[in-house]
Amino acid sequence: MPRTKYKFNHETLSYDRIRLGLKQLVLKLFAYFVGSLFLAGLYGFIFAFIFDSPKERALKREIEQLNLQYELMNREMDNVEKVLGHLQETDDNLYRTIFESEPVPSTYREGGIGGVNRYEELDGFTNTELITETAMRLDKIRKKIYIQSKSFDELIVLAREKGEMLRSIPAIQPVSNKDLKRTASGFGLRIHPIYKISKFHSGMDFTAPTGTDVYATGNGVVKTVKSQRRELGNHIIIDHGFGYQTVYAHLDAFNVKEGQKVKRGDIIGFVGNTGLSTAPHLHYEVLLNNRYVDPALYYFNDLTADEYDRMAEIALKSGQTFD
Amino acid sequence: MPKGKKYILDKGNLQFLQHRSTWGEKLIRISLFFGVSLMLTAAYGFVFDRLFGSPKEELLNQRVEVMKLRYSLLERKIDYSSEVLADLRATDNASYRSILDLPQIPASIEEGGSGGTFKFGDLTGYMNTDMMVAVRSKFEDLRTETNIQYNSLNEITAKVEEWKDMWEHLPYIRPVNVIMPLGEGIRFREHHPVLGTPRWHFGQDFRCPIGTEVYATGAGTVYATGNGNDGYGNKVTIEHGYGYTSLYAHLSNWVVKPGQKVKRGDMIGHSGNTGVSTGPHLHYQINLFGEHVNPLSYFADNLTEEEYFQMLDYLTSPSH
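Here the protein sequences line up with chains A and B, keeping their order. Residues 1026 to 1348 in the working numbering are what the first sequence lists, from first letter to last. Residues 506 to 825 in the working numbering are what the second sequence lists, from first letter to last.
Hints are not guaranteed to be accurate.
In silico DSSO-like cross-links for lysine-lysine, where the CA-CA straight-line distance does not exceed 27 angstroms [to be verified]:
#	chain 1	residue 1	chain 2	residue 2
1	B	582	A	1206
2	B	643	A	1085
3	A	1030	B	516
4	B	768	A	1221
5	B	573	A	1107
6	B	766	B	664
7	B	561	A	1080
8	B	511	A	1032
9	B	766	A	1221
10	A	1053	B	531
11	B	664	A	1342
12	B	582	A	1107
13	A	1085	B	624
14	A	1085	B	573
15	B	664	A	1107
16	A	1221	B	664
17	A	1032	B	516
18	B	510	A	1032
19	B	573	A	1080
20	A	1030	B	531
21	A	1053	B	511
22	B	531	A	1032
23	B	669	A	1221
24	B	510	A	1048
25	B	669	A	1342
26	A	1224	B	669
27	B	511	A	1030
28	A	1107	B	643
29	A	1048	B	531
30	A	1048	B	511
31	B	561	A	1085
32	B	768	A	1224
33	A	1030	B	510
34	B	664	A	1206
35	B	624	A	1107
36	B	669	A	1206
37	A	1288	A	1251
38	A	1053	B	510
No lab work stands behind these hints, which were simulated from the structure alone. If you're wondering where the values come from, they're calculated on a predicted model, not measured in any experiment.
Work out the full structure: start from the sequences and follow the hints.
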């Protein structure tokens, strides 16, 4: 304020010039500063309330799009999961129709992420993870002991006679079956596909497309290569020595000749549908001293204990054979 | 501001007049105050924003983080479903497609160009574009795979029906409950037992007493019945479809009519000794597209009599 101002001094009854001392000036400025700060705060608050900074605007736009995409996919995901459930059911029905038995649930059957929780009764304890982990390990070991003991009796005889035996006896699956999905009907009483009566199934079936490679399951000599239309159809018999023979039936074509020496893993023929067979598959038999034995006991070079368990379950449950 | 009234010196009148700010002056003062404070606000806001970011921003950032978490959970769901689908596909390939002679479905679909109408361009320009594009394309792939699997299962289901139907029609059992067949199917005979001349024998004989029940060996339609005076005596022929016909000769009687539909296991007549025959037996033939085939290739001789009856029971039961 440019004009000089005066104040009435009641004591001296005269007008004093108002002079602002430095202290008062500073105080005034300070008060002014504080006041404006306060106002700034108020403005800022209102401004922020009404308007967005550019960063905020970008973020809001980001969230909107993220939300949009997410909602869309989430909704659609529900549909997809429903369709998947339906597809799994259809698949099960196909299994029932073709194999005439209940399908073994795949590892993906129990709902939700992660599959079956076999150890759920252990949930809820402190150190749950540790306990579950230990139980799982014990399970694995138990299974390993079981499979070991089964093969052990066979192996103990062989181990006495060293390497050649171990290379010769059947020890792998006769077709590529790493995921065990080609496992079909196993050894023993099974339903005949046409007669529908319970009959002894002398070997194990593997479903596979016509032309799939068939392997010799142990070293040996090809004893028989026979083309025929009846019963076993085109089949090969391998003599492994030590009392063991293996039979590979319903073949589409041969890859070996009689008298030929073969090693474990050699391709000896190809899967077919010849002879009395309702579908392309390999019928595989193991004979010990001319008696049929369960081929499932002779895959120990190929399967872990877990895989063996699963295969055994599938082979057992698969009710109807293809031959 | 010192309290009390203020006075200014009126130089004209040499008087002290109370100074009252005019409205104009007050207005100027106030607006100046607001103006400066606005400028200060802007300055403070600028500095503050640079240094700290507003609380609103914090909030929004948190929301973005929550969305990212949701996306990762969604991604896990998608991954899991993809694995389920892959498992289904592998089962189908190994178990069903190989049996039904259908081509295998390959494990992976081509990269990129997954079809569909989704424009990934809509997602560009965002901070989290990469994440959205990754999850969205996984999702589109899942949808495509699901479609493929759906169509695949339809194809398989249709083929299974055909397959089952075919296997019900093919002549695949023994026509009589007799274990001992005579001879070995199709063969050339130097001396026909009755005619004496060399002749081909095109079927399989079963020695059985007159009146033994004869069964249709596969589902089909009766084509012809009766005595055609061709040496076969009383015979029945059945058409099974898929190129197959079966023939049952030297019967003593028949119990079906031409055009009648039969199922495997249905009795069609009784064996006998009619026609050119040295003794009571059934002559059984199978023709595939007109060519004679060996009936012994169509059944195994390993059913006992009892098992045969069990089989008949099943085949002729109403639920079948």
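Consistency of the hints with the structure:
no., hint, result
1, B:582 with A:1206, "holds, 24 angstroms"
2, B:643 with A:1085, "holds, 25 angstroms"
3, A:1030 with B:516, "holds, 12 angstroms"
4, B:768 with A:1221, "holds, 15 angstroms"
5, B:573 with A:1107, "holds, 25 angstroms"
6, B:766 with B:664, "holds, 23 angstroms"
7, B:561 with A:1080, "holds, 10 angstroms"
8, B:511 with A:1032, "holds, 5 angstroms"
9, B:766 with A:1221, "holds, 22 angstroms"
10, A:1053 with B:531, "holds, 17 angstroms"
11, B:664 with A:1342, "holds, 24 angstroms"
12, B:582 with A:1107, "holds, 13 angstroms"
13, A:1085 with B:624, "holds, 22 angstroms"
14, A:1085 with B:573, "holds, 14 angstroms"
15, B:664 with A:1107, "holds, 25 angstroms"
16, A:1221 with B:664, "holds, 21 angstroms"
17, A:1032 with B:516, "holds, 16 angstroms"
18, B:510 with A:1032, "holds, 7 angstroms"
19, B:573 with A:1080, "holds, 18 angstroms"
20, A:1030 with B:531, "holds, 16 angstroms"
21, A:1053 with B:511, "holds, 17 angstroms"
22, B:531 with A:1032, "holds, 19 angstroms"
23, B:669 with A:1221, "holds, 13 angstroms"
24, B:510 with A:1048, "holds, 21 angstroms"
25, B:669 with A:1342, "holds, 21 angstroms"
26, A:1224 with B:669, "holds, 20 angstroms"
27, B:511 with A:1030, "holds, 6 angstroms"
28, A:1107 with B:643, "holds, 18 angstroms"
29, A:1048 with B:531, "holds, 25 angstroms"
30, A:1048 with B:511, "holds, 20 angstroms"
31, B:561 with A:1085, "holds, 10 angstroms"
32, B:768 with A:1224, "holds, 22 angstroms"
33, A:1030 with B:510, "holds, 10 angstroms"
34, B:664 with A:1206, "holds, 20 angstroms"
35, B:624 with A:1107, "holds, 25 angstroms"
36, B:669 with A:1206, "holds, 22 angstroms"
37, A:1288 with A:1251, "holds, 20 angstroms"
38, A:1053 with B:510, "holds, 18 angstroms"
Taken one by one, the earlier hints all hold for this structure without exception.
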